[in-house]
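Chains as they are written, first to last, in the working numbering: chain A, 1 to 284; chain B, 285 to 588.
One thing to keep in mind: the hints can contain errors.
As the list claims (entries may be wrong) - Below, computed lysine-lysine pairings styled on DSBU-like, alpha-carbon distance capped at 30 Å:
(1) B:Lys584 x B:Lys393
(2) B:Lys292 x A:Lys272
(3) B:Lys327 x A:Lys15
(4) A:Lys139 x B:Lys288
(5) A:Lys139 x A:Lys128
(6) A:Lys128 x B:Lys327
(7) A:Lys171 x A:Lys272
(8) B:Lys342 x A:Lys139
(9) A:Lys128 x A:Lys140
(10) B:Lys327 x B:Lys342
(11) A:Lys140 x B:Lys342
(12) B:Lys342 x A:Lys128
(13) B:Lys292 x A:Lys171
(14) A:Lys73 x A:Lys139
(15) B:Lys584 x A:Lys171
(16) B:Lys327 x A:Lys140
(17) B:Lys288 x A:Lys171
Claimed, not checked - Pair by pair, the computed Cβ-Cβ distance ranges are:
(18) B:Pro530 x A:Trp193: 29 to 39 Å
(19) A:Lys140 x B:Pro530: 50 to 60 Å
(20) B:Leu301 x A:Lys140: 57 to 67 Å
(21) B:Gly439 x A:Leu57: 38 to 48 Å
(22) A:Leu17 x B:Leu425: 21 to 31 Å
Stated by the list, open to error - Here are some, though not all, of the chain B residues that point toward chain A, as calculated from beta-carbon distances under 7 Å:
(23) Gly303
(24) Ser318
(25) Phe340
(26) Arg384
(27) Arg394
(28) Thr418
(29) Leu420
Honestly, the hints are just simulated from the structure, not real lab data. Model, not experiment: these values are computed from the prediction. By construction, the Cβ of each residue, glycine as well, lies at the ideal position given by its N, Cα and C atoms.
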Amino acid sequence: MTTDLRFRGSRPARKALILLIELAFIAYALLIFYPLANMVLSSFKSTRDILRAPFSLPSSIDFANYAAVWIGKGFARYFLNSLWITAASMVLVLLLGSMAAYGVSRYRFRLSTLVYMIFLSGIMLPLKAAIIPLFIIMKKAGLMDNPFSVILIFAAMGLPSTVFILSGFMKSVPMDLDNAARIDGCSDWGIYWRIIMPVVAPAVSLVTIYNAVPIWNDFFFPLVFLQSDRWKTLPVGLTSFFGQYSTNWSLLFTGLSIAVLPVLFLYIFMSKYFIRGMTAGAVK
Amino acid sequence: MSSKDLRKGLWISLFVLPGLALVVSVILVPLFMSLFNSLFAWKQLLRQEYIGFDNFAKIFGTEPYRTRFFNALGNNLRWFVATMLVQNTLGLLFGYLLSRRIPGHGFFKRVIFIPVLFSIVAVGFLWGLYLKPTGLLNGFLRLMGHGELARAWLGQESIATFSIIAVNIWRWVGFPSLVFLAAIDNVPVDCLEAAHIEGAGEGRIFVRIILPLIVPAITVITILTIIGSLNVFEQIYTMTGLDGGPNFSTDAIGTLFYRTAFGSVDSGNPEIGIGSAIGVVIYVLTFGASILTLATMGSKEVEL
Numbered sequence: 001m002t003t004d005l006r007f008r009g010s011r012p013a014r015k016a017l018i019l020l021i022e023l024a025f026i027a028y029a030l031l032i033f034y035p036l037a038n039m040v041l042s043s044f045k046s047t048r049d050i051l052r053a054p055f056s057l058p059s060s061i062d063f064a065n066y067a068a069v070w071i072g073k074g075f076a077r078y079f080l081n082s083l084w085i086t087a088a089s090m091v092l093v094l095l096l097g098s099m100a101a102y103g104v105s106r107y108r109f110r111l112s113t114l115v116y117m118i119f120l121s122g123i124m125l126p127l128k129a130a131i132i133p134l135f136i137i138m139k140k141a142g143l144m145d146n147p148f149s150v151i152l153i154f155a156a157m158g159l160p161s162t163v164f165i166l167s168g169f170m171k172s173v174p175m176d177l178d179n180a181a182r183i184d185g186c187s188d189w190g191i192y193w194r195i196i197m198p199v200v201a202p203a204v205s206l207v208t209i210y211n212a213v214p215i216w217n218d219f220f221f222p223l224v225f226l227q228s229d230r231w232k233t234l235p236v237g238l239t240s241f242f243g244q245y246s247t248n249w250s251l252l253f254t255g256l257s258i259a260v261l262p263v264l265f266l267y268i269f270m271s272k273y274f275i276r277g278m279t280a281g282a283v284k
Numbered sequence: 285m286s287s288k289d290l291r292k293g294l295w296i297s298l299f300v301l302p303g304l305a306l307v308v309s310v311i312l313v314p315l316f317m318s319l320f321n322s323l324f325a326w327k328q329l330l331r332q333e334y335i336g337f338d339n340f341a342k343i344f345g346t347e348p349y350r351t352r353f354f355n356a357l358g359n360n361l362r363w364f365v366a367t368m369l370v371q372n373t374l375g376l377l378f379g380y381l382l383s384r385r386i387p388g389h390g391f392f393k394r395v396i397f398i399p400v401l402f403s404i405v406a407v408g409f410l411w412g413l414y415l416k417p418t419g420l421l422n423g424f425l426r427l428m429g430h431g432e433l434a435r436a437w438l439g440q441e442s443i444a445t446f447s448i449i450a451v452n453i454w455r456w457v458g459f460p461s462l463v464f465l466a467a468i469d470n471v472p473v474d475c476l477e478a479a480h481i482e483g484a485g486e487g488r489i490f491v492r493i494i495l496p497l498i499v500p501a502i503t504v505i506t507i508l509t510i511i512g513s514l515n516v517f518e519q520i521y522t523m524t525g526l527d528g529g530p531n532f533s534t535d536a537i538g539t540l541f542y543r544t545a546f547g548s549v550d551s552g553n554p555e556i557g558i559g560s561a562i563g564v565v566i567y568v569l570t571f572g573a574s575i576l577t578l579a580t581m582g583s584k585e586v587e588l
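Sequences and hints are given; from them, build the entire structure.
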């Protein structure tokens with residue numbers, strides 16, 4: 001193809017250019033890897049060594065820091081909280097989102113455009129700006145310091161993009177499928193659950209990543225609504241940890257490694273899905 | 285109404301209403317509550333008398349709100365301009381080069397996307413440590429023999445905001461890169477080949493063919509940058525603190541809004557009225573700027 005920049009068979013001037021581009025990309029890759037590598041290496045060093053010799057290797061690999069942070073400083077609990085709160089929010093996002101997408105894309109009814117627009121309006125409205133009324137509502141509902149408040153907000157936050165992406169996919173499924181199933185005596189719920197959902201399963205996996213990553217990483221809403229230590233999620237737990245041990249850099253780097261490495265490992269095995277999922281809303 | 289229509293109506297309601305109820309009660313009702321609340325005086329969490337647009341007048345005209353507000357807004361503008369100029373331009377360059385299938389493009393593509401997955405909080409704290417006077421960056425500069433460049437990256441008023449923006453670019457540049465890559469990959473190959481055969485150079489092909497055809501991607505990235513720049517919060521919270529230090533030099537609307545709502549700018553108490561007014565300003569700016577972008581960029585879109 002004429003559009004490829006291939007090294008072999010190119011003229012010398014072009015070879016030099018390609019080499020330069022390669023070097024720039026390698027430099028940028030180092031700019032990403034080195035800070036992460038240094039984070040992990042520092043977690044095995046003492047604070048004194050981190051400050052005195054920031055580029056040195058740890059003298060020994062000792063997981064005592066990790067044990068201390070994971071169990072003693074509550075990171076196991078923060079991690080589990082993040083995990084189940086994200087999972088619960090995602091169940092709501094996927095179930096309610098796919099149902100609504102099915103409703104607006106497979107039925108013709110008078111208000112369908114209005115319903116669709118209401119869902120879409122949520123995409124461009126920054127939910128953080130609504131924190132005061134949300135605070136008042138949750139306080140009145142007795143949901144302060146209750147993970148349910150955050151789960152409801154996360155679910156609502158994920159619905160607009162989910163309805164947008166899934167209804168787009170569902171519209172491209174031929175209506176003959178529904179009609180045939182209906183003639184065979186399948187109920188509307190059966191058509192949704194046993195026929196349309198399996199067909200759009202790849203889109204569901206896109207939407208899952210698109211929403212689960214921001215929910216897992218969200219800081220603002222858990223910060224406002226979850227005060228007690230037993231409900232804190234990983235980002236909020238990390239914040240109070242940084243406030244508490246601000247001078248113990250050795251522990252801080254351990255906490256950061258615990259927060260960052262699981263995501264990195266997951267990404268190594270599923271990078272294709274993560275890239276497609278995260279850019280799903282912006283790429284047609 | 286026939287029983288068939290009724291059944292259909294019931295099924296539609298069953299599918300649509302649960303999600304709709306959640307979106308309306310968590311996104312739309314709070315939006316209107318913000319508008320409503322911003323028109324009243326407040327004593328802590330209790331609504332007092334109707335005062336019209338006084339809260340807005342206060343933000344725009346009364347000290348200390350006025351200085352704080354315009355100082356913060358100025359920083360949001362810096363975020364937007366710097367992100368557009370550096371991050372999105374770099375993203376376009378990365379996306380273009382990756383689309384040309386340079387050796388190792390699959391690997392580089394995956395690598396630049398890694399930090400996109402990380403939480404802003406973790407990235408902010410990590411770089412917060414590296415940018416300390418005793419941190420890694422200054423250590424690196426000294427190692428390279430450029431000790432004179434070492435400084436308190438987050439402690440100097442003139443550069444702190446740009447240090448935070450740079451960290452955010454490190455985290456997020458992979459996103460526009462891969463969005464642009466996908467858009468450029470979608471440009472039909474025959475268009476490029478035809479131009480190539482006609483003798484158009486690389487630069488000309490990029491400017492005259494690729495750029496016009498990826499306008500939708502540029503629009504999306506611009507809108508996301510507007511929304512992102514107006515809503516920065518975590519980056520500042522983790523690197524220079526809720527007060528946007530030093531001396532409010534990194535303060536933005538997001539942090540100012542949070543302080544006003546929960547613990548305050550003036551009296552030390554939450555100020556619901558002023559806070560709601562700032563929230564409304566965030567809505568209006570985000571929505572207005574996004575619509576404006578859609579309108580101006582929409583006219584530049586070309587169909588094949």
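Verification of the hints:
1. For the hint linking Lys584 of chain B to Lys393 of chain B, the alpha-carbon distance of about 29 Å falls within 30 Å, and the restraint holds.
2. For a cut-off of 30 Å, the pair hint linking Lys292 of chain B to Lys272 of chain A is broken: about 40 Å separates their Cα positions.
3. Among the hinted pairs, Lys327 of chain B with Lys15 of chain A is inconsistent with the structure: their alpha-carbon atoms are about 70 Å apart, more than 30 Å.
4. Taking the CA atoms of Lys139 of chain A and Lys288 of chain B, the gap is about 43 Å. The hint is violated against a cut of 30 Å.
5. The hinted pair formed by Lys139 of chain A and Lys128 of chain A meets the criterion: a straight-line CA distance of about 17 Å does not exceed 30 Å.
6. Pair hint Lys128 of chain A plus Lys327 of chain B holds up; C-alpha atoms about 22 Å apart against a cutoff of 30 Å.
7. With a C-alpha separation of about 25 Å, the suggested pair Lys171 of chain A and Lys272 of chain A falls inside the 30 Å cut-off, and the hint holds.
8. Using a Cα cut-off of 30 Å, the hinted pair Lys342 of chain B and Lys139 of chain A holds, with the two alpha carbons roughly 27 Å apart.
9. Under the criterion of a C-alpha separation no larger than 30 Å, the hint pairing Lys128 of chain A with Lys140 of chain A is consistent with the structure, at around 19 Å.
10. For the proposed pair Lys327 of chain B and Lys342 of chain B, the alpha carbon gap of about 16 Å is at most 30 Å, so the pair holds.
11. Distance restraint check for Lys140 of chain A and Lys342 of chain B: the Cα-Cα separation of roughly 29 Å lies within the 30 Å cut-off, and the hinted pair is therefore satisfied.
12. The suggested pairing of Lys342 of chain B with Lys128 of chain A holds, with an alpha-carbon distance near 22 Å, which does not exceed 30 Å.
13. For the hint pairing Lys292 of chain B with Lys171 of chain A, the CA-to-CA distance comes to about 18 Å; that is within 30 Å, so the pair holds.
14. Taking the CA atoms of Lys73 of chain A and Lys139 of chain A, the gap is near 29 Å; set against the 30 Å cutoff, the hint holds.
15. Of the pairs offered as hints, the one joining Lys584 of chain B and Lys171 of chain A holds, with about 28 Å between alpha carbons and a cut-off of 30 Å not exceeded.
16. Taken as a hint, the Lys327 of chain B and Lys140 of chain A pair is honoured in the structure, with Cα atoms around 17 Å apart against an allowance of 30 Å.
17. A distance of roughly 23 Å separates the Cα atoms of Lys288 of chain B and Lys171 of chain A; the hinted pair therefore holds under the 30 Å criterion.
18. Evaluation of the 29 to 39 Å hint for Pro530 of chain B and Trp193 of chain A yields a failure: the beta carbon distance comes to about 57 Å.
19. Checking the proposed 50 to 60 Å range against Lys140 of chain A and Pro530 of chain B shows it is violated: the Cβ atoms sit about 39 Å from each other.
20. Hint check: Leu301 of chain B to Lys140 of chain A, Cβ distance near 23 Å, so the stated range 57 to 67 Å is violated.
21. The hinted window of 38 to 48 Å between Gly439 of chain B and Leu57 of chain A is violated, with their beta carbons roughly 29 Å apart.
22. Take Leu17 of chain A and Leu425 of chain B: their Cβ atoms lie about 30 Å apart, and the range 21 to 31 Å holds.
23. A distance limit of 7 Å between C-beta atoms decides the matter here; for Gly303 of chain B the minimum to chain A is near 4 Å, and the interface restraint holds.
24. A least Cβ separation of about 6 Å between Ser318 of chain B and chain A falls short of the 7 Å threshold, and the interface hint therefore holds.
25. The closest approach between the C-beta of Phe340 of chain B and any C-beta of chain A is roughly 15 Å, which is over the 7 Å cut-off, so the hint fails.
26. The restraint placing Arg384 of chain B at the interface with chain A holds, with a minimum CB-CB distance near 4 Å, inside the 7 Å limit.
27. A hinted interface residue such as Arg394 of chain B counts as satisfied when its beta carbon comes closer than 7 Å to some beta carbon of chain A; here the least separation is about 5 Å, so the hint holds.
28. For Thr418 of chain B, the interface hint holds, the least distance from its beta-carbon to any beta-carbon of chain A being 5 Å, beneath 7 Å.
29. Annotation: interface hint on Leu420 of chain B holds; nearest CB of chain A at approximately 5 Å, less than 7 Å.
When the structure is compared with the earlier hints, violations turn up for hints 2, 3, 4, 18, 19, 20, 21 and 25 and for no others.
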